[in-house]
Each structure stands twice: as structure tokens, then as C-alpha cells.
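A.B. asks: Residue strings, one per chain:
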Amino acid sequence: MADSQLLFISLCITIIGWFAIYFVPVQLKGKITIGFVVLNAILTSIPAIHVLNSEKFEILFSGIALIGEVPIRIDSLSAWFILIINITSITGVFYGFGYMKSYKDQKSNLTLHWIQYLLFHSSMLWVCMVQNSIVFLIVWELMSLSSLFLVIFDHENSKTIKAGINYLVQMHIGVAILTMAFVWVYISTGSLDFLAIAQFFQTHSNIWLFLLFFIGFGIKAGFIPFHSWLPHAHPAAPSHISGVMSGVIVKLGIYGILRMITFISSDFLLLGEAILGLSVLTGLYGIINSAVHRDFKRMLAYCTIENIGIVGVGIGLGMIGLGNGNNIMVILGFGGALLHILNHSLFKSLLFFSAGSVYQQTHTRDMEKLGGLIKKMPQTAFLFLIGALAIGGLPPFNGFVSEFIIYKGMLEGISSSNMYQVILIVISFAGLSIIGGISILVFTKSFGTIFLGSQRTHLHSEPVEVSLSMRLPQYIIIGLMICIGLFPSFFFSYTSQIIITSFPGLGVIQTDSLIPFMDNLSLVGLFAAIFLVLAVIVYFVRSLLTKKNLTQVSPTWGCGYVAPRASMQYTSKSYSKTLGKLLGFIVIEKKKYTELEKSEIFPEERKHSAFYVDFFENRIIGRITNALQYFMNLFQFVQNGSTQMYIIYGLFFILLVFLGTLFNII
Amino acid sequence: MISFILIILVSFFFTGIVIRTKSIASGRKGPGIFQPIKDIIRLFKKGAVYSETTSFIFQIAPSIYFASVIMAIMVIPFGQYKGIISFEGDFVFFAYVLAIGKFFSIISALDTGSSFEGMGASREALYSMLAEPAFFLLMGSLSLLTGYTSFHEIFMTFHFGTYVSYAIGVMATFVLVMICMIENSRMPIDDPKTHLELTMIHEVMILDNSGFDLGLILHATNLKFAMYGALIANLYFGDLPLYYSIPIFLVIQTLFAVSVGLLESFTARYRMSHNAQFIFTLSSVSLLIFFGVLMILGKLV
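One line per chain: the protein sequences are H and F, in this order. Note that the first sequence covers residues 21 to 686 in this note's numbering. Note that the second sequence covers residues 3 to 303 in this note's numbering.
There may be inaccurate statements among the hints.
[Stated by the list, open to error] In silico DSS-like pairs for lysine-lysine, Cα to Cα no more than 30 Å straight-line:
hint, chain 1, residue 1, chain 2, residue 2
1, H, Lys567, F, Lys47
2, H, Lys568, F, Lys40
3, H, Lys568, F, Lys31
4, F, Lys195, H, Lys601
[Unchecked claim] Footprint (simulated), chain H over chain F, 3 or more residues, beta carbon under 8 Å:
hint, region
5, 15-26
6, 35-48
7, 101-109
8, 138-148
9, 159-168
10, 211-220
No lab work stands behind these hints: they were computed from the structure. Here the structure is a predicted model, which means the values were calculated and not measured. Beta carbons: idealized from backbone N, C-alpha and C, even for Gly.
Produce the complete structure using the sequences and hints provided.
C.D. replies: Set out below in C-alpha cells:
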């Protein structure tokens, strides 16, 4: 079957799917969604794989009034994102099937949820394919709205609704900016096709339009200072949705940025340096915030911001390479970024899924209330541990591979750029190493507090290991992660090929010049495997030698104190307190408590809480919205609730229109 | 291969020399230089006590920690001889492999559920994070200077000639020594001989380890010392033939051990709250190296 037919069928299937989900009984809704998502994924993956292996795919729909021709193009860049979307959506739907079982009494809510999931998956795929501005914006909007409905599944909770509205507003600011950018292109070139953007860039200044696109897509991607929706939306959403959102939806922001980079034709150096600088700051900001929060889903959301920073570092490097004509740097930078996008979508969904399992069993997102779960949910603990190792960029997992490629890109950049770039790149180099260091702190903290030690508070129900349908997708993700970790050159050969085909400006690329690096990369995989083997050998020798030795079990050494309690364990707050203090100018700590009055001779029980607020949200965005709100409140008298006044407004308006037409003003 | 064997050999008596120096400095005779390794062998034969709070993490962590140090040692070259593992960008691998060991040693400390061990873990994570940029800036600058990205090639092409290069050599040695002290939690960052758990970092993390596991952890410390000593020695080898480089290696390791001993005898541990600032200043020394490199390359006007 031709690829275009497959795509058409996939579109039809989505629509059939909605009705099917609506009509089947409640216990089948999840299963049928799995079926449709998998079918959709297969149908769209086939063209994507074709594209990755051979040439472009393009069809034009024409004859639609107003919109003009609608080109549907899949190039290797889209194909890569389509595959990532499909992997994460499939694991997400399998996990979600298990996760949602506990909500089966909310029938209509579930129907809406699964219908939206199908729409969400399909709209993400089409975002990567359509290249007509208007249709793109419609699909983009569908994606944002469907994800909004997925986020606010738990809509009876006012916090969820608040997070949802926050998300909605920020996405629409993004869409407004994107619309502005597309309109600008349309006005100057008269075409809605994406190729017109390339034309625009050839004849106009590149910086301003790219800036608009960068902000528009950057809000989705979560670059600072546009990140503030992430730490609200991710914790509010059900875990499979957080996993998919963090895994792919933020990556579509990156897709947009990358797509625009393929179109621009000058100012690479300036834009590249700006993106590199911003990305390092994004990474540092994300990981520092993630270190201090005790809500583990918020912690993961901030960590997503950090990883977007790492991806951005790769993109910035690639652009500097484009500006300098350094092809190796282009491939290492962009290729590393693309691989990190895949990697992050894998380990972040894994982490969200395993964190979701914890939430499902304990009904709390507060790490401080947990502890010792490794004994009750050993498999979930193992899954989280692997995710934590991978996201920390530790070998033998996949995170190391992409970070290594980006490090290599930097080293390549150091030796072949001018002084300012060298200084910028060296500082980013150190920045990336700090990010790596803090992420180890973050994930030892979260793993340690959630799973290790002993239980800190009494939970309402005893947590048990989650169902197989929730664990299985996570094992599949781990399998993929290890594949990337051990055979990095196979995956990198694809991403580098994508870069070569996406940037025709690269000229004739010397594939030979990549061969030493490819060999290098396969060595990394090999050594990662050797490390794994070595660790197993050491452990095996240890077990063999200690078999005869006497072992006994006794309480943890309390350093002389004989009545230790679970609540005396080191908490996540105290674990990261020193870091929080050091960086108190970024992570602002606020405290809420009531002071003891002098007259209170017998003080009552009271609460003391300390929490961290987001610097940008609190200090910048918050002030702007507060000022706006103050200004708007000045007009409150207009809406005073008395019907007589409203009738007067109506009459006044009619009068205004009448006079306006009378004197030819309107 | 040769560096691997030599580092393993040196690790047997490195801490012995440190302890001996400290004893002599404080007017005692002190144990023989092989006493630490004898202690470790004795620990290997001993039984173990496990905390009832711990899980399998506590069982596997010491082995992974040890394996990570061994893996890192394999990366170290020896003058003109490559390490067992050598590829472009291997110093990134080196740092990350050490990090995986650290990750496991931290979570094994948290596994015991002890407040003291949690405190040590928190400090270890923070301090090693702060030391990370110093190492990366140092290696980045050296790679900028030499144009290579693997330990072996960087050290082979790093030559002393100008005044600036001597300054770089001295500063690089200083940075590596301090990183080594931080990684091993020795003075002036941490005092392994302190008797108060509240003031320890590494020692408090391993309070609950005993027997074979404790032996592994202790020997990993020895190996780490010898490993950093080898890195420092590599700065000075160039491509000397073996009959020069092996004696130089041993002399540098001994000097390193003696200076660690002297440092520990005559300095007090810094205040815990000031450690973070102190460690971060290491990065500024690394930045100086970076600017020195720019000067040599003529990129800095």
C-alpha cells in the first residue's frame, strides 16, 4: 500500500476510534484505545521508516478555499519525531490502561479521556507532517487542547483546574506569537506553504522572525523564561499523560525550532550563541529547581526543563557549527540533540510512569511522606532506579551517549572557533558538567527518599506492587534504553543522516570524516558493556568469597542513640537544603507560619511550612500579571450585576453604532 | 595496561605512606606502610552485619562503586602507553564512570535510613557536584591547548616550554590534588579521623558497611588516590621511556602521599558551611588555567 493511503487510513481510524470508544462499555474503553493507538502508530511509522531509509514523502492537497494547497511532507526530521511520538504514545497508553483502572466508576470522564488521548496522539503526528501555516496552527491547537483535557482529568480538584487554565493561557500566548510569525511570512511572500518561510529568510533579516518562532515554540518546549506552565501541568495530569507530555509534547516545541532552523539562511552564529547561552541557563535553572522541590512530579517536570536545556545546547552548537562551516560540529550538535530527544522521551516517560505507580499506591506526591517503598514495590523501585541512572547521564545507559556526543561537539567547537565562542563553549562545558552533578544529587535524593530507608508516615492503605500492564511498558522502555546505551553508533548513524539530509547547506558532507567518530561511539558502547560485566564480576566474586562468612542482621547503627524513629531520617528537604541555601538567589524559599503571640500562654497546635517558589513565575511573570490585574480591576464597576445598567450599556452601544454609521466613522 | 598494574601496586601502600607521614609528623613511630592493605585483607575475611532497614541496593552498591573505580583506572594512560581504554573524549567517560560509583555509594548510605548517613550522602553529592566543573574546565583547557580529546594524547602533547605552561602545570597539579582530596573526602574538606559523626562526609556514609563491603570501599579509596596520583604524574611524563617514567611515577606518587600526609597533619578541616565556597574556588583556578591556555595560543590579546 502506498504511504499516502496509510496516512489516510490512519486519519479515518482516528475518527472511527472516537465513536468506538464512545459506544463500547466502560471496561473495554482502555483496551480499545490501546488497539487504535497501536494501529495508528503502525500506520504512521511505516511511512516514517520508509522516509528514514530512502527519500522524502510529499503529497499536496489542493482545492480547499482560503487555505490553498496543503502540503503533507515527511522528511527525515519529521520521521524521527513521528517514531518518537509513536513509541512514547504506545507505552503511555499501555501504562495508562493500568493506571486508569482505579477510575472505572467515572464513566463519562473516562470516555472523554480516551477520546482525547487518541486525538492527542494523532494531532501530534500531524503536527510533524503538515506544512501549511493555517492547517499547522489548527493541528497545533488541537494538540494543545486535547492535552489540556487530558491534564484536567481530575477536574474536581481546584488545583488541577488552575494548572489547566495556566497551561491553556500559556499555550495560547504561544499560538498567538506563532500566528503573528506566520502572518508576517504570509504578508511578505503571499504563500502559506512552509517553503515560503525559507524564501522569507533568504530576503529578509533572519533574527526577528526566528525570534518570534523561537518564543512561540519555546513556550511549548519550556525554555526559560517560558517554562512556567511545566511545573504546574505535569503534576496535575495523570501520570501516563505527564509521561507522554514530558516525553513528546515539549519535544514538538523543539521540532518547531529545528524546522525553522532548517529554513534560516544567515545569522547562524548570533542565533547559535544566543541559543547556547539560553540553553545552558535553562538546564541549570531546571535542575537547580528540581533539586529543591519535594513534590516528585514537580521535581520531574523541572528536570524536563533541564533536559530541554541539554537539547538546546546541542542545537546551539549545531548552529555555531553552521555559522563557522564546521560540519562535524553541526552533526555532533544537532545529532546529539536529536538523540537526546529520543533518550529523554524514553527515560522521562519511564520516570513518570514509575512515579505514577508510586502515586497510585500511596496517593501522595510528597516525597517527605514516603520512604522504604523498595520493600513493598521492588520492581517499581528498580524501574525508577534505572530511569534515574539514565537521566543522570551515567553509563551504560542511553543518557550518557547523547551527553557524550554533545560534549564531543563542544570539544570540536573549542578547537576551531574564535575566542568569544571558545569562552562561551568552555563555560557551557563546565555548565553541562554542573548540570550532570546536580542531576545526580536530584536523583539520589528522590530515589533515596521515596524508596529507601523506612516509611516516614502512616499511609491509608498498604502500598503493593502495581499491575503487569503498568510494569510491562516500563520494561520495554528499559530495553530500548539499554540498546541505545550499548549500540550508540547504530542510532547516531540515523540522527547524523537526518542532519545531513535536513541541511542541504552543509554541502558535500564527508562521510569519511564521521567514521572515526562512529568507531569512537561504538567503543563507548563497548566500554559501557564492559563496565556492566565488571560490576557483575565484582559482585559475583564478593558473593563467592563472603558465602562462608558469618552475616547477621541488626538495626541501623544509631551512633549511640538507642531509640531512632523513622521520622528522624534525613529528608529530601534537608538533603538539598545546603544547595538551596547556596543558590538562594535562584530558588527562593518562602515560609508560612503564624508567629507566637505574647498573650498566648498556652499556644495551640500550629503549622509551619516552607516551600520554594519559581523565580521567573514569582518575580517576573507574577508582577506583570499582578499589574495587569490591578489595571483591569479599575474597570470592575462596569460589571456591577444590575440589569438596568446592562440595558443602558446595550442602548449606549446601539447609539454608538447608529452615530458611527451616520457620520461615516465605521 | 602498564598504568593499570602500577596504579594497583601503588594503591597497596599509598595510604600507608600517608598514615606513616602523619605519625612521624606528630612524633609517633606509626604502623608500616602496608598496614592499611593488611587491614583490608582482614576485613575481606570477616563476616558482616547488615542493617535490617537495608535492601538489595546496600548489597550491590559497594561492588558497583569498586567496579567504577577500576573502570576509571583503566582509562588512565602511562606516558606513551595508552590506558586499557582509550578513545577520543575518554575523560568524559572517566568522570561519568566515577559518578556512577558515587551514585551507588550515596544511595547505599540512604538505604540505611540513618539520619547521619543521609547527611553524609547529601554532603558527598553536593561537594562532588561542585568539584565537577573544575575537572571539566581543566580538561577542556588542556584539550584546547593540545588539540586532542583523550587523556593519552593530551598528556603526550602537553609540553613544558614557556613560563605560562609551567604555571599551568602547577595549577593543574593543584586542581587535581584538591579534586582528589574532595573525591576521597580527606582534609581540608573532610576529616576521616574525626570522632563526631556530624562532622564527617565519607566516613559517616559507610557507618553501616562492614566486612567484605567495607574492605571494598576502603580499597576503592586507596585506588582513587593512586589514580589521581597517576594523573598528576602523567602531566610530567611526556613521552619518556619506561626506565625513566616508572621511577618518576613512583617518586611522584610518594611525594603526593607525603604531601597528603603533611597537609592532613598541619591543616585543620574547614568549616562545613565554608566548604562549598572553597570547592567552587577550584573552578576559578581552572578558569585561570583556561586563560593561560588562551595566552599560549595567542587568542587572548
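A.B. asks: Now tell me if each hint is right for this structure.
C.D. replies: Against the structure, the hints:
1. At most 30 Å may separate the alpha-carbon atoms for a hinted pair to count; Lys567 (chain H) and Lys47 (chain F) meet this at roughly 11 Å.
2. Distance check on the hinted pair: Lys568 (chain H) and Lys40 (chain F) sit about 20 Å apart at the alpha-carbon level, within 30 Å; holds.
3. Between Lys568 (chain H) and Lys31 (chain F), the direct Cα distance comes to roughly 37 Å. Violation of the 30 Å bound is thereby established for this hinted pair.
4. Distance restraint check for Lys195 (chain F) and Lys601 (chain H): the Cα-Cα separation of roughly 28 Å lies within the 30 Å cut-off, and the hinted pair is therefore satisfied.
5. Taking a C-beta to C-beta cut-off of 8 Å, the region 15-26 of chain F contributes 0 residues in contact with chain H, too few for the three needed, and the coverage statement is violated.
6. A count of 3 residues in the region 35-48 of chain F with a Cβ less than 8 Å from any Cβ of chain H is obtained; the coverage claim is therefore met, three being the minimum.
7. With 6 residues carrying a beta carbon less than 8 Å from a beta carbon of chain H, the region 101-109 of chain F meets the three-residue requirement, and the given coverage holds.
8. For a cut-off of 8 Å, the count of residues in the region 138-148 of chain F with a CB near a CB of chain H stands at 6, and the three-residue condition holds.
9. Check result for the region 159-168 of chain F against chain H: violated, 0 residues qualifying (beta carbon to beta carbon below 8 Å, three or more required).
10. For the region 211-220 of chain F, the proposed coverage by chain H is satisfied: 4 residues have a C-beta within less than 8 Å of a C-beta in that chain, meeting the threshold of three.
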